[in-house]
Structures are given as structure tokens and as C-alpha cells.
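S.K.: Residue-level listing of the chains:
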Amino acid sequence: MEDFLEIAGIKIKSRLITGSGKYRDESIIADVLKAAECDIVTVALRRVDFDNPQDNILKYIPKEKILLPNTSGARNSEEAIRIARLSREIGCGNWVKIEIIEDQKYLLPDNIETLKATEVLAKEGFIVLPYVYPDVALARKLINSGAAAVMPLGSPIGSNRGLKTLELIEILVEEIDAPVIVDAGIGKPSDAAHAMEIGCSAVLLNTAIASSDDPVKMARAFKLAVEAGRLAYLAGLGPVSKIAKPSSPLTGFLDQ
Amino acid sequence: MSFYDVIQKYKNFDFQKYLNSVTPQKIENILNKDKISQLDFLALLSPASDLYLEQMAQKAHIITKKNFGNVIFIFTPLYISDYCDNSCPYCSFARQHRITRNHLSLDKIKEEAEAIAQTGMRHILVLTGESRTVATVDYLTKAVSLLSGIFSFVAIEVYPMLEEEYSEMVKCGAEGLTIYQEVYNEKRYHELHRGGPKENYLFRLDAPQRGAKAQMRSVTVGCLLGLYEATSEVFFAALHAEYLQKSFPSLEISLAFPRLRPMVRNFPAYCEVSDREYVKFIVATRIFLPRCGITVSTREKKELRNSLARLGVTRMSAGVSTAVGGHKISFSSTPQFEIADTRTLEQMKNDLIAMGLQPVLHDWNTKYFATNFNK
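Sequences listed follow chains A and B, in order.
Okay, so the first sequence: first residue is 92 according to this note's numbering, each after it adds one.
Okay, so the second sequence: first residue is 335 according to this note's numbering, each after it adds one.
Calculated from the structure, these hints are not laboratory results.
Note that the coordinates shown come from a computational prediction; the quantities given were computed from them, not determined experimentally.
Heads up, some of the hints might be wrong.
Unchecked claim - What follows is a set of in silico ranges between Cβ atoms, one per label pair, in the way DEER data are often shown:
#, chain 1, residue 1, chain 2, residue 2, range
1, A, E193, B, Q372, 22 to 28 Å
2, B, Q372, A, V227, 37 to 43 Å
3, A, E155, B, E498, 50 to 56 Å
4, A, N147, B, L638, 51 to 57 Å
5, A, F95, B, P358, 32 to 38 Å
Cβ atoms here follow ideal geometry from the backbone N, Cα and C, with glycine treated the same way.
Construct all of the structure, not just a fragment, from the sequences and the given hints.
M.R.: Right, dumping it as C-alpha cells:
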């Protein structure tokens with residue numbers, strides 16, 4: 092049986108979602124996406140120059156990809172809603188990653204404003220993917236408000252620090268009946284594999300690829316890591332025990 | 335609460351004694367930390383760190399890449415009026431200097447703006463001399479309204495305003511505020527700013543805070559190097575940025591510490607800041623404030639600017655004229671200071687791309703995105 096990521100009823104092959112920012116040269120994005128074999132790409136609407144279509148980041152993203160516009164730069168729900176509506180209006184589709192940042196130092200999300208924006212945008216028919224702290228009570232409210240997934244942070248955006256919120260993400264995976272997509276903080280392919288091993292549905296990352304010396308090679312590394320992690324999850328990881336199970340037991344003489 | 339309270343904490347602090355006490359071992363310990371304190375930052379500005387400049391540069395490069403990727407935000411200044419009520423002896427626009435003055439009408443501003451926009455520039459910084467009676471609040475709101483229809487992001491660098499005046503600017507489409515304290519040392523500030531509204535040290539010091547309260551999206555602060563002892567000036571400028579970052583978490587903060595440039599009258603600098611020292615200030619600031627924007631203007635030479643683009647600088651101007659009407663109209667106007675990097679936007683873009691950096695020409699769009707923009 093084929094294994095798909097399913098968001099809002101749409102079946103998606105790749106469980107790796109990448110971004111399009113921070114690259115030294117945007118023309119490399121198409122090669123990165125090819126190496127990553129990803130189907131969903133997030134784009135910061137703030138970087139799209141509506142008045143200048145020929146000099147536009149969107150031209151580097153192949154048409155067949157699902158565009159996940161994000162609301163980077165929004166400081167509150169009103170700005171996020173405004174950006175999302177504009178995104179749909181200019182033909183960027185009805186997917187949106189809500190990113191509301193009230194803190195420019197650590198770029199941590201504002202869960203309350205994110206919930207407000209989710210309630211409005213989901214009602215308007217958007218496929219809403221909110222970027223949040225891994226808070227299970229909030230995640231339930233988001234899903235009940237129509238979010239198509241929850242996207243908890245592993246650690247602050249761009250920090251490459253890995254899954255610092257691991258135990259809280261594990262609770263989300265256990266409790267939330269919707270895709271849990273780790274977004275932010277994944278610095279190494281092993282972090283991505285780890286997120287997939289614990290049952291996350293997908294990972295979203297950008298900095299680790301964009302700021303690598305060889306983004307195309309790094310994209311492939313993440314693709315393989317995500318696949319490996321997913322396979323390990325599906326196969327069922329062996330139990331982890333802190334008690335040694337020696338191959339030559341000290342009490343073995345009793346059975347002789 | 336004001337940043338003045340932070341300055342007061344260091345009132346009796348003996349900077350020289352502390353700077354002389356810093357050992358190489360202390361610098362090594364600081365460079366091994368993820369987060370550094372205010373005094374750690376000051377230690378990085380001390381002579382003891384001279385031997386560690388390369389290590390500091392490497393660390394600054396990694397921090398910048400992690401936080402900002404490979405991008406440089408590009409903007410250009412637009413001077414619309416050079417009348418000034420102040421008498422800063424280091425500035426060509428000072429009221430005592432007998433220069434031909436110019437003040438652009440809205441039609442002329444439009445002409446200049448369109449000439450700039452044709453080059454592909456999308457971020458504009460509107461500048462004036464500091465005369466409330468000539469470049470009135472009403473004039474500036476109209477100018478900002480006009481420019482926000484042409485550019486995607488408008489910032490202002492004008493005289494310090496009241497919070498409600500900044501709110502008016504924001505409503506008309508200004509989302510960035512640049513205001514330099516010039517000199518943080520209060521005594522030296524008063525020596526240099528005798529006569530004119532700029533005499534009021536505190537009103538200027540609190541201007542960025544008033545702008546932030548008025549919902550400006552980004553604020554740039556800084557000092558002008560060469561007016562006073564550079565180490566403590568850079569220290570306080572960075573602490574000012576840190577204070578604003580803590581007080582207004584959603585604000586995008588940037589810092590700049592331009593060096594004095596030749597102007598209409600020769601002004602004797604208090605001290606010279608060498609390239610080596612300047613680079614040290616930039617990299618130490620990046621280590622202290624990983625998420626803070628750092629601007630380097632065309633007061634610096636092309637070669638140095640290119641090198642700094644990898645060491646912590648995230649914002650650069652291009653296609654610059656520091657004279658009123660300098661883009662299209664070409665009055666016989668006097669530049670505020672001589673620029674050292676005369677590259678056009680196109681040349682700047684090409685140079686950055688060749689260095690493996692992405693020039694960002696569009697990073698926000700006020701007219702589409704901002705909820706507090708009344709247009």
C-alpha cells in the first residue's frame with residue numbers, strides 16, 4: 092500500500108516541505124526542489140513584488156508544485172488574514188501557512204493571534220497550516236477551527252538546533268488526529284529523520300538547505316533522511332530499554 | 335522607562351579601566367559562548383580582542399548566515415529638503431553654512447521618485463534637513479503618501495517627532511524610521527549641538543521609542559563615528575538597539591555607525607576610526623545582537639562594503655545621491671556629505687550576486703500588507 096501524506100483530503104507523495112528564502116541565488120531553487128523531490132513549497136508573500144511580475148520569486152518555482160504561501164512579516168491576525176486573502180487574489184491558490192511573529196529576536200510564533208487567523212481563514216475556504224508552539228490544547232482548538240494540520244516548531248526559526256521541543260511534539264502526534272508537521276529548527280538530516288521516526292507526518296525546513304554550501308546536495312540528504320525516518324516509523328522501531336540484555340547472562344548457569 | 339535609564343547605569347563606569355583589564359583569556363571565553371552579556375560585548379570592543387579579529391569575523395559570518403541567510407536588503411535615500419534649524423558643525427546642512435538650499439515640491443518629489451523607481455529600486459528612505467517650519471509634518475505626510483504609492487516600503491529620516499506625529503506618518507504609509515543619536519555621550523552631545531531644537535538630548539534619544547509605539551515596523555538607530563570616543567559610542571548604540579528589541583519585540587531593529595565623511599566645511603574629527611576598528615565594531619555587534627539588522631552606507635568604500643557584506647552587514651544603500659534633487663532634477667545643491675561608493679543599483683546587484691549574495695529588492699509591501707495603513 093502506498094504511503095501518502097494527506098492534507099485536506101489531498102494525497103501528497105513527499106513528506107518533505109521546503110522553503111524558498113535565504114538562497115544566495117534564487118535560480119538554484121528549481122534544482123533544489125528537484126533534488127528534494129518535494130511537492131509543497133512555501134513562499135514568503137512579502138518577497139513577492141506584485142507590481143513587478145518579471146522580477147518575482149514565483150518564477151523559480153515549477154508550476155506542478157503546491158504553493159504554500161506564508162504570512163511572514165505579519166505581526167497580528169489582521170495582517171496575516173490580509174496577506175492570505177491577497178495571496179489567493181493574485182492566484183497563489185488557497186493554501187496558507189500562518190506565521191504570526193510578535194518577536195523579532197527569536198522569531199517565535201504568537202499562538203493566540205494564529206488561532207484567530209485560523210478561525211477566519213478556514214471559514215473562507217483556505218487550507219490552513221498554522222505555525223505554532225507545540226501546545227496540545229491550542230492544537231485541538233486549531234483543528235476544531237478548521238486547520239488542515241498543525242506545524243509545531245522544533246526550535247526557533249533558522250536556529251538549526253533540532254528537536255528541542257521533542258516531548259511536546261510527541262504528545263501532539265499522540266493526541267491530534269491531523270498531520271503534525273515539524274516546522275522550524277531542523278538543522279540536520281538526522282533531526283528530520285528523528286521527527287519522522289516519532290510519527291510526525293512531515294517536516295518543513297529551509298535554512299538548513301538554503302544556507303548549506305551545496306544546497307542541492309543537502310536537499311537530497313534531507314529527502315533520504317525523511318524517507319528513512321518515515322520507513323522506520325512504519326516498520327516500528329524496536330523497543331528501547333535502559334536495562335542491559337547480555338548475550339552471556341550471569342544467571343545462565345541456572346538453566347544448564 | 336527610557337533608554338536614558340540604561341545609560342545612567344553606566345554613569346560612573348570607568349570604560350578605560352574595564353577595557354584595559356580585558357585579557358586574551360576573557361576574549362576566548364566570550365567567543366565560546368552562545369549568548370553574550372553587555373560587558374562581554376564591551377570586552378570584544380577592547381584592544382585585547384585585536385588578536386582575535388579573524389575568529390570574531392568567522393563567528394559573525396556564521397551567525398549572520400544562520401539568521402539572515404545569504405541576503406542583503408537594498409534601499410536608497412531620497413533627499414527632499416535641506417533646510418535645517420540645527421547647527422551641527424559636522425554636517426553640510428547646518429543652518430550656519432551658506433549653501434544654496436532646496437526644498438522639493440510634491441511634483442518634484444514625484445519626478446525624483448519615478449527616476450529612482452525606474453532603476454528597479456523598491457525600498458526608499460526619505461530624508462530632510464531638520465527644519466519643522468520648512469519640511470512640516472503636513473508636507474512630510476503628503477510626501478510619504480505619494481512615495482508609498484511608488485515604492486513598496488517607505489522609511490523616514492527626519493527630525494524627531496512626537497508619537498502622534500509618527501502615527502500620522504505610519505497612517506500615510508511610512509513603516510521605517512531611522513534616527514541617529516549622533517553622540518550618546520551627553521556632555522559631548524551638548525558641545526556639538528548648541529542652538530536649534532537638536533539641543534534636546536532626551537527628546538532625540540526617545541524618538542525611536544516613540545516611533546515604535548506609533549507602530550513603525552522597523553527602526554534604525556546609531557551613532558556617527560568620529561564625534562566622540564568610538565568604543566563607548568558603539569557600545570551605547572548597540573545597547574540602544576538591545577533596549578528597543580526588548581521593549582518592542584515585534585519591531586525590526588537595525589543599527590548603523592557611519593564614519594564621518596568630508597562635508598562642506600572641514601570638521602576636525604574627535605578621533606579617527608580605522609578600517610580594522612570599524613570591522614571589529616561590526617563583527618562584535620553581530621555576535622552581541624544576532625538578529626539585529628546592520629546597515630553600512632555609501633560613506634564607506636566599495637571594497638570595504640563588499641567585504642562587510644559577509645561579516646554581519648544585512649542592509650546596504652545603492653544608487654545614492656545625498657543632495658536634494660540629485661537623481662533627476664540636478665539643482666546646484668550641496669550634498670550632505672561626500673559618498674565613497676558611487677555604484678548604481680545595477681552594479682551593486684551584480685557585485686553582490688558575484689559574491690554569492692542575494693540582493694533583496696522587495697521585502698514588504700505597505701500598500702498591500704499593513705493593517706495600520708490608511709490608504
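S.K.: Of the hints stated earlier, which fail here?
M.R.: As far as the earlier hints go, 4 and 5 are violated by this structure, in ascending order.
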